[in-house]
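J.: So you can see what is in the structure, the chains are spelled out below.
Protein chains: 2
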Amino acid sequence: ADGADLVVVCTPIGAYAAIGEAIAPRLRNGAIVSDVGSVKQTVVRDLGPHIPEGVHFVPAHPVAGTEHSGPEAGFAELFQGRWCILTPPPGTAPEAVEKVGELWRQAGMMLEHMTPAHHDHVLAITSHLPHLVAFSIVGTAADLEQDLRQEVIKFAASGFRDFTRIAASDPTMWRDIFLNNRHALLDVCGRLLEDISRLQRAIRWGEGEEIERLIEASREIRRSLIDANQA
Amino acid sequence: ADGADLVVVCTPIGAYAAIGEAIAPRLRNGAIVSDVGSVKQTVVRDLGPHIPEGVHFVPAHPVAGTEHSGPEAGFAELFQGRWCILTPPPGTAPEAVEKVGELWRQAGMMLEHMTPAHHDHVLAITSHLPHLVAFSIVGTAADLEQDLRQEVIKFAASGFRDFTRIAASDPTMWRDIFLNNRHALLDVCGRLLEDISRLQRAIRWGEGEEIERLIEASREIRRSLIDANQA
Chain Y
1 ADGADLVVVC TPIGAYAAIG EAIAPRLRNG AIVSDVGSVK QTVVRDLGPH
51 IPEGVHFVPA HPVAGTEHSG PEAGFAELFQ GRWCILTPPP GTAPEAVEKV
101 GELWRQAGMM LEHMTPAHHD HVLAITSHLP HLVAFSIVGT AADLEQDLRQ
151 EVIKFAASGF RDFTRIAASD PTMWRDIFLN NRHALLDVCG RLLEDISRLQ
201 RAIRWGEGEE IERLIEASRE IRRSLIDANQ A
Chain D
1 ADGADLVVVC TPIGAYAAIG EAIAPRLRNG AIVSDVGSVK QTVVRDLGPH
51 IPEGVHFVPA HPVAGTEHSG PEAGFAELFQ GRWCILTPPP GTAPEAVEKV
101 GELWRQAGMM LEHMTPAHHD HVLAITSHLP HLVAFSIVGT AADLEQDLRQ
151 EVIKFAASGF RDFTRIAASD PTMWRDIFLN NRHALLDVCG RLLEDISRLQ
201 RAIRWGEGEE IERLIEASRE IRRSLIDANQ A
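Protein sequences appear in the order of chains Y and D. Going by the working numbering, the first residue of the first sequence is number 1, and it counts up by one from there. Going by the working numbering, the first residue of the second sequence is number 1, and it counts up by one from there.
Calculated from the structure, these hints are not laboratory results. Worth double-checking, as some hints may not be accurate.
[To be verified] Going by beta-carbon spacing under 8 Å, a handful of chain Y positions derived as facing chain D:
hint, residue
1, VAL44
2, LEU129
3, THR140
4, ALA168
5, PRO171
6, GLY208
[Unchecked claim] Derived CB-CB ranges, DEER-like:
hint, chain 1, residue 1, chain 2, residue 2, range
7, D, PRO25, Y, HIS68, 56 to 62 Å
8, D, THR66, Y, CYS10, 35 to 41 Å
9, D, GLY48, Y, TRP205, 22 to 28 Å
[Unchecked claim] Reference listing, derived: stretches of chain D covered by chain Y, where coverage requires no fewer than 3 residues with Cβ under 8 Å from a Cβ of chain Y:
hint, segment
10, 22-33
11, 39-50
12, 127-138
13, 154-162
14, 181-187
15, 198-212
All C-beta atoms in this analysis are idealised placements derived from N, C-alpha and C, irrespective of residue type, glycine included.
Start from the sequences, fold in the hints, and give me the full structure.
T.: In structure tokens form, the structure reads like this:
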């Protein structure tokens, strides 16, 4: 960080406090500190207090990625047409926000501003909950006895496969995301469990119309995704 | 069905009893009746009693497909390298089983024999539960207020998107699958809810090692899928 114009922190979120402490004395006046973390409230909490007076702090979340991690996992089109969310604290210098935004715009991203709390709420439903569920369902299958497990692999094309891709994501990175967004995540997870229970109950009691109605509602969302070029 | 050598029933499973009744008087001696349904115990129960003496009954499940339904949803490579599961009742003429198997082999499929009960158990975890969960999680997102919903669409690339593809599947077809495999499905769904609760609890109580352990276990399954060419 010595004398750098811009420092972008790209580690699991759990390391941010230690990183903040380590880089703080080396940041020059007028430098910008940003990051790419998937949770923003705890980033502001953990990294914010270490940012010296005269250094700009522009937390960002380029919402793109695959199940692979690390510098080798990048590729030229990774950010193309995706959204980058900026969550600068109130009073941050607009030029600093603009510089970080321009960096991601050059990579092909569209920009969006949010408060850290709103960011964490939106990402809890679009990203953190799907990962929690994918890890769980793949784990449930893994726990089935060895014989059946071979068959889970064989017949994965029937739906299971779609869940395994994101379940291959990095454990440390996801441990930190879950722990750092626990309130929003537990809230949406509670909602999902209610919804699964409702469908489960409709199946147990043979309520065909209710089942069809629930399925129909979720098809509509898929159509919206296709219309928005995010499918 | 008049004078046909082979009749393959390809409708939602809920229609099988009525179809069996309608085609029974028209089946010629030596004909074969098969199907492509995703549940096999209730197919044997609903279609089996209508099959006349002298007609062969070979239920089959070609495990392949997309979220699209109907004849237009087919394409040349759909069945290539996938598995077809045959569940003929005990005592079925081997030549009839061989004929149905050969049909799917010619389409590029590999063959597997199972009892209807075992089939329904395996498919409950590999296909029916993933669909139940996908419908639910997409429904949970859809229920969030209109404002947030636009953002769910925008940031879907972060994980949510993987669930929406299978959630776009046909409501009538899936209503019938859920209702006709309810016992096996409710069993695996109960297991999943236990597993989600365990992860949820670990997140609430900040048990980082437990979270990492659960995520690590599910990565292993993904590797097996890649090794088996089913990823």
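J.: Please go over all the hints and tell whether each is borne out by the structure.
T.: Going down the list of hints, with the structure as the test:
| no. | hint | verdict |
| --- | --- | --- |
| 1 | VAL44 | 19 Å, violated |
| 2 | LEU129 | 7 Å, holds |
| 3 | THR140 | 5 Å, holds |
| 4 | ALA168 | 4 Å, holds |
| 5 | PRO171 | 4 Å, holds |
| 6 | GLY208 | 5 Å, holds |
| 7 | D:PRO25 with Y:HIS68: 56 to 62 Å | 59 Å, holds |
| 8 | D:THR66 with Y:CYS10: 35 to 41 Å | 36 Å, holds |
| 9 | D:GLY48 with Y:TRP205: 22 to 28 Å | 26 Å, holds |
| 10 | 22-33 | violated (count 0) |
| 11 | 39-50 | violated (count 0) |
| 12 | 127-138 | holds (count 12) |
| 13 | 154-162 | holds (count 9) |
| 14 | 181-187 | holds (count 3) |
| 15 | 198-212 | holds (count 8) |
This entry does not satisfy hints 1, 10 and 11, going by the numbered hints stated previously.
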